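Sequences are here, hints too, so could you generate the full structure?
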Amino acid sequence: MQQFLKWTLEEIRKDGSTMSWMEEKRFEWVPLAASMLKNLLDGHTFIVITDDDRAWFCHYMLRAINNHHKNRPLLPFLSLQTLYPNLYQVKTKEDIELLENMLSQAFPSGYTFFYVGKNSDIKMQIAKRKDDSFMWIMDEHVQNSFYLLSDDDSLDIKLIQLFRLLDKSIDAVLFAEVTFENE
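For the sequence shown, our numbering assigns the number 183 to the last residue and increments by one with no breaks.
Label pairs and their computed distance ranges (CB to CB):
(1) 176 - 92: 42 to 52 Å
(2) 149 - 176: 31 to 41 Å
(3) 122 - 175: 35 to 45 Å
BS3-like mimics (lysine-lysine), calculated; alpha carbons at most 30 Å apart, straight line:
(4) 38 - 70
(5) 128 - 91
(6) 130 - 91
(7) 38 - 25
(8) 158 - 128
(9) 6 - 70
(10) 25 - 168
(11) 168 - 38
(12) 130 - 118
(13) 6 - 158
(14) 130 - 25
(15) 25 - 128
(16) 14 - 158
(17) 158 - 118
Hints are computed from structural coordinates only; laboratory data are not their basis. These numbers come from a predicted model, not from an experiment. Each residue gets a CB set at the ideal place from its N, CA and C atoms; glycine is no exception.
See the structure below:
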């Protein structure tokens with residue numbers, strides 16, 4: 001079993017020059033991913049939220065995470081839009097609190113938001129209220145989130161690469177290939 005940071009670097013380098021951008025960002029990535037993976041091991045359900053420009057990513061991720069070709073158990077990743085089709089009506093703090101109450105009842109073992117998008121989107125306010133949310137934020141440095149640029153010509157490719165790294169990380173954790181000591 002090896003350290004998650006070292007394992008992450010090796011996985012980034014296996015992908016060659018296409019993932020070289022991630023090599024220096026791994027120090028930002030590893031603590032966030034480690035926290036997210038610990039929540040997964042603790043039985044949390046992951047509720048995926050994206051801004052409108054990244055809605056395609058939600059669909060991609062939800063199809064890929066539990067692909068039947070993967071040799072692992074099905075994982076609890078769900079779309080908030082699917083759980084609550086009236087999501088577009090959430091506008092106020094009270095609306096968010098009602099939504100949180102519903103989610104707490106639906107997922108008594110716990111849930112973690114997985115947000116991908118801009119900080120300015122109202123849906124980000126939902127994710128930001130939970131300290132353990134896993135967030136990939138565009139254009140703004142937000143504490144405990146992974147920073148990306150929305151005007152990056154390679155953004156869509158980077159999102160898919162990040163998902164692939166996360167997916168491999170999930171396998172490494174489930175099959176006890178990595179440890180989180182000191183991470």
